[in-house]
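Enquirer: Residue numbers (my numbering), protein chains in the order written: chain B, 17 to 178; chain E, 7 to 400.
No lab work stands behind these hints, which were simulated from the structure alone. Just so you know, not all the hints are guaranteed correct.
Claimed, not checked - Chain B side only, calculated, beta carbon under 7 Å to chain E, not exhaustive:
no.: 1; residue: Gly40
no.: 2; residue: Met41
no.: 3; residue: Ala44
no.: 4; residue: Arg173
no.: 5; residue: Thr175
no.: 6; residue: Thr177
Note that the coordinates shown come from a computational prediction; the quantities given were computed from them, not determined experimentally. For glycine and all other residues, C-beta sits at the position ideal for the given N, C-alpha and C.
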Amino acid sequence: MNPVLNLLLEGGSLTTAQMAQVAGMSVAEVEQHLEQLKKDNIFLGWRPVLDLSREAAAAAAVRAVIEVRVTPERGGGFSRLASRLAKFDEIESCYLMSGAYDLLVFVNGTSLQKVAGFVSEKLSTLDGVLSTSTHFMLRAYKEGGFLIEQNETEGHRLTVTP
Amino acid sequence: MNVDPKRWVARHVAALPKSGIRDFFELVAKMKGQDVISLGVGEPDFVTPWHVREAAIYALERGKTYYTSNLGMIELRRAISTYVGEHFNIGYRPEDQVLVTVGVSEAIDLALRALCNPGDKVMYHQPCYVSYHPSISLVHAEAVEVPTYAKDNFSLTAESLRAAWQPGCKILMLNLPCNPTGGTCSLEQLEKIAEFCREKDLLVLSDEIYSELTFDGVHTSIATLPGMAERTIFLHGFSKAFAMTGWRIGYACGPAVLIDAMMKVHQYTMLCASIVAQEAALEALLRGWDSVCKMRDQYHRRRDLVVRRFNEIGLTCHSPRGSFYAFPSVKPLGLTESEFAVGLLEKEKVAVVPGTAFGVNGTGHVRACFATSYEQLITACDRMERFVNQARKT
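Bound conformation, chain E alone (with noise of 0.2 Å):
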């Protein structure tokens, strides 16, 4: 009998699409030895600061090696609580409102899982993480796009969020600062956004991993706005600000009846964070903010001088408010996006991702993470100046 594995493969899963990303890696990973700079990445170059690193080897040589509490250790809730009372002026109980996760993407995963019934529609705005579609598709939710467009910098407004809005959508997610985009919303934007969720109805899922990385301006989460505290999930973790991606933590706060059903769904399905992260989660927040200044500083510097080499060389590139994107649009050359980062790739040997990877409306446009040293960006940028020179002659 001719057994064919994929019939056992759920329809639903069968039906997501390979991620944009994927593709273009398995093309950068055959150049292995090439010398390729890679501006592909999504994390920080900067490793893990030290003494974070330190204090989890201190907890395994302690032996703390055991299961927490489902909702984390209640001494980093406490510190949350107390960090994102300090630093986005939003007051979170650690007892009942403070949920620690395996990074930003399994609390949007339990958000969703914990609260969205089959059909329920999901807005979010796009270009944006890659994940957000699947996500809401895994969970057997119908995904409602909001496009945003170069011409607002990727910034998404009320007026597109009102034209894409249908009956049966329930919850909006937002990514501000933006992956890919580097969008964020002026607080006049996001007042209007606010008053647009609770004219009808909607819950935010506000993912505000980036914020810290914010340059011009501070960083305004929804969750501070009038009446918007009720019906917002603020999600947010520690991979990006304090560039510690590989070690999955994060967490969600928000109303205790929505924190709690999201931690019967991860209490079944995770039980909880690793104990070692959140030791060094724990230290991170207690020590860690003069680093993140520090990092933030250069992702600043690094903004400037790629924003401005792109726009030098032709590649049209707002000044991303926040993140460590930048978004250059690659239309004046006549090249797709995929055209384009293909040939770059071949032909000079940068790494950047096709816009299309995160969404229609990044078509015409490429990824371009500064996240990498200063020599490194500035051999890449001579690199881009060069293919786009020789691209423009043929």
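Looking at chain B on its own, in the form it has when it is part of the complex (with noise of 0.2 Å):
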């Protein structure tokens, strides 16, 4: 596997200089690698992980959740519509799930009034949508593997034990 690949799934949270110090390789091979990756449509990108209830993460502090049920297409399927959707700058991620409905949405914005209108004008006329079911969130406890809160008591051990 590629060493780079198993960083990554650790979570990421390496700088190149630092995963070429662990992995033993030169900081150059270990852009290689990320290159070669995202080549393979396997590593898509960085994105930071904020804490969006902070007034100055602001920008997209209103997120909403929103299951879509679409009529599948004969040769297409559910993707041709999904990938379609997916394309709105306003769709965070978009998932086909199995269940009472077919599609589950992430969606971000600024104000309620942004991500309700997105949803009422764009979302639900779009050919082939049935119906939605919009839910906002109102608190995040973990973003991305990381706890909001951080109380874990770490850093606790003994400096020296046998």
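Two chains, each in its own frame: build the complex with the hints.
Expert: Here it is in structure tokens:
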């Protein structure tokens, strides 16, 4: 397995220089591996993980999860409509689901009105969309693998033990 | 009247040497708040996986606050039996061949107390875990050291075992992979050691606490070799692989008669291991294996990092097949292990433990634990490089 991919799977918190140290290669080699992973469409890109409830990060403070029921198309199934949806900038993530609805869509916006407007004017009016059910997120407790409240008591190990 | 309380301390306790680790701990403690990176710990940097902690909390919520069977909860003993069967290929009956203890430390103490008559000889390889020798002294038995050497990557060999053996030897203590050296034995060596134990009728206390953290090849327990299960007490626990040091929970498995003898001592001295820790251990065995593998893979990459860096900067270091300790040599610098450790701590604020804290064959070596984040390890290695270069100049 690609050694750089291993480190990304661990959480990807290392810089390329640190990855180079850990994997025992040069920074240029790490970058080459990253390039290859990008070419192979495995590594899509970096993103910061932010606590969006903080005022400083309020630019994308309103988030909604939308369950979308759609009519699958002959020949294309759900994919054509799903990839059409996914191209909207407002949509952060889009998944095909099993169960009571078909697509699960995560939407980000600066205000309630903007998100609501996007759902009512864009999303639900698309051909093939049967219904939407929108849930606004109230509070995050864990984001992208990080706890919002760092209440772990780490760093309490004694410094020297047998 | 001048009353010196010292006179009340038992002679064999007064004679126990102070742990070299303790001295060094006090030195490091003085530097609190000074950005010291410690490679001196003997425990994982991971917190116990949440599902295990949550199971313990749930146990408390359900009012699980009472004693358990002296042997430990039967559900836990069943899970231990299954786990040891699947991972080590040894079959133990949960009813009478498994004893849950307060960490492997208690299991070692119980075994020695249950099996040693005063004057019996107990062999152990050194450098080794700091408590082996004192545990033997505490039961009035006699410790017989078997040296291991840097040239063998601190693997125990049947030859050194034979050379150290003397009439009256009854027990051999093994710790593979080994704290502090990371030393293990090849299957071939282990077979020779087993043969020697059968020849000399030795009972083996096999402390396999680091076995899940074996990075190259597979770990083999000596108990699986022909004729060994009946003369081996298999000691294991949750501290290292499951990151559960503070829970103090471990177990011993072996022939029913020996487990019963250990249980006698355990029931009068400890009664039982903490029920909360037992509940946590059960959860760890039932659903914790994925976490163990994740942590092991990280230790593996950290090992490769520190061993490579140590060798690059001139601290000769074999690649430990298991455990989370590297045991590099500082001899090329012309410093003793203590001068190196103290100098490194004072000048570059990195704590490693002098090898002599673990036995005389640790002379010229230091123990560096790599159970620390990549970032810290990278910085620690850079600081050590600076220290080594400086030491070379002077």
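Enquirer: For each hint, tell me whether it holds in the structure or not.
Expert: Hints and how they fare:
The interface hint given for Gly40 of chain B is met, as the beta carbon of that residue sits about 5 Å from the closest beta carbon of chain E, less than 7 Å. For Met41 of chain B, the suggested interface contact is broken, since its CB lies about 11 Å from the closest CB of chain E, more than 7 Å. For Ala44 of chain B, the interface hint is violated, since its Cβ never comes within 7 Å of a Cβ in chain E; the closest pair sits about 18 Å apart. Using the Cβ-Cβ criterion of 7 Å, the hint placing Arg173 of chain B at the interface with chain E is satisfied: the shortest such distance is roughly 5 Å.
Given hint, Thr175 of chain B at the interface with chain E, holds; its Cβ is 4 Å from that chain's nearest Cβ, closer than 7 Å. A distance limit of 7 Å between C-beta atoms decides the matter here; for Thr177 of chain B the minimum to chain E is near 4 Å, and the interface restraint holds.
When each numbered hint is compared with the structure, violations occur for hints 2, 3.
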